[in-house]
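Protein chains in written order, with our numbering: chain W, 1 to 320; chain C, 1001 to 1320; chain L, 2001 to 2320; chain Z, 3001 to 3320.
One or more of the hints may lead you astray.
Unchecked claim - Under the rule of at most 27 angstroms between Cα atoms (straight-line distance), these lysine-lysine pairs were calculated in the DSS-like manner:
#	chain 1	residue 1	chain 2	residue 2
1	Z	Lys-3002	C	Lys-1030
2	Z	Lys-3002	Z	Lys-3114
3	L	Lys-2030	W	Lys-309
What the hints assert, rightly or not - Chain Z residues, not near chain C, derived (Cβ > 10 angstroms throughout):
#	residue
4	Ala-3029
5	Ala-3131
6	Leu-3143
7	Gly-3241
8	Glu-3292
It should be emphasised that the hints constitute simulated quantities derived from the structure, not laboratory data.
Please read all numbers here as calculations on a predicted model, not as lab measurements.
Note that the Cβ used here is the ideal one computed from N, Cα and C, for glycine as well.
4 protein chains.
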Amino acid sequence: MKCIGVMTSGGDSPGMNACVRSVVRTALAKELTVKGIQRGFAGLLDGDIHEMGRRDVSGIIQRGGTVLQTARCLEFMEPKGQRLGLRRLNEEGIDGLTVIGGDGSLRGGIALHKMGFPVVGAPGSIDNDIAGTDMSIGTDTTLNTIMRALDALRDTASSHERAFLVEVMGRKCGYLAAVGGILGGAEMILIPEAAFDLEDVAHAVQDAYIQGKSHALIVVAEGAQHDINQVAEYLRQHEVGFDVRLTILGHVQRGGRPTAFDRLLATRLGVAAVNELLAGNSGVMVGLQGGEIGTISLEEATSRQREVKQEYLDLFNYVS
Amino acid sequence: MKCIGVMTSGGDSPGMNACVRSVVRTALAKELTVKGIQRGFAGLLDGDIHEMGRRDVSGIIQRGGTVLQTARCLEFMEPKGQRLGLRRLNEEGIDGLTVIGGDGSLRGGIALHKMGFPVVGAPGSIDNDIAGTDMSIGTDTTLNTIMRALDALRDTASSHERAFLVEVMGRKCGYLAAVGGILGGAEMILIPEAAFDLEDVAHAVQDAYIQGKSHALIVVAEGAQHDINQVAEYLRQHEVGFDVRLTILGHVQRGGRPTAFDRLLATRLGVAAVNELLAGNSGVMVGLQGGEIGTISLEEATSRQREVKQEYLDLFNYVS
Amino acid sequence: MKCIGVMTSGGDSPGMNACVRSVVRTALAKELTVKGIQRGFAGLLDGDIHEMGRRDVSGIIQRGGTVLQTARCLEFMEPKGQRLGLRRLNEEGIDGLTVIGGDGSLRGGIALHKMGFPVVGAPGSIDNDIAGTDMSIGTDTTLNTIMRALDALRDTASSHERAFLVEVMGRKCGYLAAVGGILGGAEMILIPEAAFDLEDVAHAVQDAYIQGKSHALIVVAEGAQHDINQVAEYLRQHEVGFDVRLTILGHVQRGGRPTAFDRLLATRLGVAAVNELLAGNSGVMVGLQGGEIGTISLEEATSRQREVKQEYLDLFNYVS
Amino acid sequence: MKCIGVMTSGGDSPGMNACVRSVVRTALAKELTVKGIQRGFAGLLDGDIHEMGRRDVSGIIQRGGTVLQTARCLEFMEPKGQRLGLRRLNEEGIDGLTVIGGDGSLRGGIALHKMGFPVVGAPGSIDNDIAGTDMSIGTDTTLNTIMRALDALRDTASSHERAFLVEVMGRKCGYLAAVGGILGGAEMILIPEAAFDLEDVAHAVQDAYIQGKSHALIVVAEGAQHDINQVAEYLRQHEVGFDVRLTILGHVQRGGRPTAFDRLLATRLGVAAVNELLAGNSGVMVGLQGGEIGTISLEEATSRQREVKQEYLDLFNYVS
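Turn these sequences into a full structure, and let the hints steer you where they fit.
Printed below as a string of structure tokens:
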């Protein structure tokens, strides 16, 4: 192996730049050439590819987003697009590829791997929904962003004696909502993994009111059974004591400077990805497994969804 | 004057606690008794009033929201409620009142002042919409919150080549949108003070795309002529190059630890408010006027709205 | 077991409050009484002990330091003091004790355990020097504080083309220096675990200069073989290209709001500590072991020092 | 005027980049050519000068330090160096110069102005020691950095019942110490403008101890009459109740992302500097004067030192 390619794909997440930097510098330290592929698989098909040196990754470890950019690419979901992608890699003299991204991006990696091209994935996802890694690149930063937002909302909720519904990201995975709710001192968390009655939500808010709390905070994942507007409407139609307000944290959850945890995780995964390629492995994702960096096959990583640990749901019941 | 009361009223803003602390400590230093009135005029009518000592305001300078809480009070808008308020103040032996809050709160102060009760106001508002003060308590903190959100959104917008519409607070005053847009490097700002064509917005986004920018950012005040959903819909119906996303910053803008500017302003205004009461003045608001603390009559402060300086709109045109 | 005690001891670390909150609420959920012991073992001997309810731990999850305070206690190092401590616990009707703190605090726990009193420890340490846990409460927050300081120093170092020596905490354990150096993009890290020649430091700085870098950053642990002043003096006496400046981060490393990681870890450890006491275990410390919460005997946890992983030192060599 | 030059000089301060960006974009909007001079007057003499376009200042508004870098230049203090500087400006076709920096940098500007070259200064200084402007670029950011450090130190000081001495920047001007002390809830502030007895410091700490406070905080400016080590030694030799610790904030005060206030001030000053040059003015500094941007002659701005307002010292006495 003489030249490796690196791309970021799917939704961006804070720490992707730290991972790109790590891949580039590790590869250079091992005397490989590195080529950066802009805009994920879309850029691969367009040939938007350039060689990267040490300086190209200077000063990016602390930046959110991804300097390689990212894009959706329907074309690469078809065999024709995949073959074109393989051709481009060969044209560029790339011998192995690191794909940093979420579920869909890793599936793109599987396609190339099946055609015989060496591919190693690294999990980038703010939702922490990728199986085979305890945490994905970006999750810790997003969690801190959510936590600070909840801290800020509690200030204002307490000042007005209000109930606040806060929507956080997580279409299929309630990790951010559950852990955010624990850390932000929420009264209730509503996650995709658990069905719930609107009546129970109203009871939780009423309880907080009756106990004399100055506010109630409910964290709602995007993919919860009832969406935040439905919950708000129900609470407003029933007497719950507090005035009800809702806020959707939205895209700010995806941005911001990566935390120490994400920079370290991303750096470790970048080194590991290069080492796997050099060791002749392909079709695997590197991930954080019990404190150490391990691997899992891309097939397995993409075949199931990470779920919130039962430990965290129990935790919430104790401390909330 | 032997005993003064202090309340926060209307929407809470970061720095109100620093102002309460300053009022309490200054009054104590001048050997007055201080009584805190919880939940604004509502708490006044309910007699939710308690004496405050030095320790009651320890460790609150850095906290958002208001420890005195705040509430709306329709009853106090009627003469009957206002007479009851006056009775309560007399029952408690309060000789003068400091009201920290926005437009509506200052109007409540006028009512008491007109009945002969000494009242001094201090401007608390995240929107910076109060006349007679260059900045209100909370505006600087909110502006920093918006600025950091825009910094974060730029990270992710650049990674995806997107146009982002961002709604910030400001129903009648475009200060936050205009200055936020300058500081956040926006392509366009849409404020209540200026009519605009949706076509011009589309042109601004197209221009950014054609110039090869990696993203476009448009900051929209709550009270802009067309609301953010209308703007988004228009852009999606017209080819503007970038994918369009929208985000509403919402209530997080109101929370958070007060900045140095807000802590200092709030502290200065608290000292001044006590001094005005002791000097026998009433019916005035203390405010920041050209770097110094001055006063303006409550009537004048509430009779007009602060507008965004033309200087800032020109500034935006130069540097955006 | 009907009543448990909780104390924080040794140096404070961010997240201790989250752990106290978790111990209190979990114990209450299990229908135990909880007593807080102020100022560690010193407060135990003085009988500075009070019952704690849910409200006593409201709003503390986000605060640095420890509401239970902490102090050194030479008296408790002697058998006489330890017997007095045991007597106090019995007087208060406390059946089991949770000690949150570092090495010395856990040794105090061993003394009580050996006299037959049920004790469970939880690791609080900003240095991450405690064996038997992958991370201690406070380490992640401190690491983020160091990282932000290094980000800030790079700004100014680059503007002036300077070499910066930065001292971070860690008398025996180089974790903060090593990981901080990786995340902050340092040119060299000097840690207690590794001897080094001053000449090599000078070479590293010269190399950075010759390669055309705009600055050089060297992170020095408190307990490094040569202290930061010696290193600075050596560099100044030898021509290294850059001007040399030094800064000692000092006590600010110990403060600040706990991060999401520390709040979650502290909450998990608090629940686990109560569960261990209820399960009849004593003389153990709860810790983070490969992503899960496990236990280790207090004897073992205090018999050796955690060292920086070789993986991290290798990492540094690749990416720096 | 067809081409203007821009440089940053002296110590860097957060917001200098925002000012450079504003100068460049305003000049381009007015159809001027702009040339950036690297490393202040040193770079001018070396001819380290390059044309700047819109893109060269993209994404720098949020960065600390200065992309134009800065350096000391003894050579430019002599007439010979100044003549060489003038020659370089002419060689490059530069018709007017904007110098962003502190006292020494503005004096450099005077030299060129006296030789007939159009020069406009903008005040950049974290100390806020420049006369003729209410605030300098960088002061607000530094004040926020100091405030957050004091917030963090209070957490740990309270946990241990300690007295903390904290040294902040300010060799001749006590602004940062005085205002930082107000905002950080200090017990005493020691500034260059006011002589003090060590005995009074000891009394202040003893008072805090006797009143039952959990800590004492003393903020010491670099240029205070007795330096921080002398103060610490005195306190340790006298019984003051608390254990005494000291910390020197150091260079981190100079770094970090500029706040909203600094970005706005820097942007306003950049526009004004270009407008002054275009209006044919020279030998002046643009500054913040009572909320508006005004000018002062460079001679006057550099002939005296800004002092801390008496209002702030009074304020401290009321609220501390």
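Tested hints:
no., hint, result
1, Z/Lys-3002 <-> C/Lys-1030, "61 angstroms, violated"
2, Z/Lys-3002 <-> Z/Lys-3114, "21 angstroms, holds"
3, L/Lys-2030 <-> W/Lys-309, "21 angstroms, holds"
4, Ala-3029, "5 angstroms, violated"
5, Ala-3131, "14 angstroms, holds"
6, Leu-3143, "4 angstroms, violated"
7, Gly-3241, "18 angstroms, holds"
8, Glu-3292, "7 angstroms, violated"
Taken one by one, the earlier hints fail for this structure at numbers 1, 4, 6, 8, listed in ascending order.
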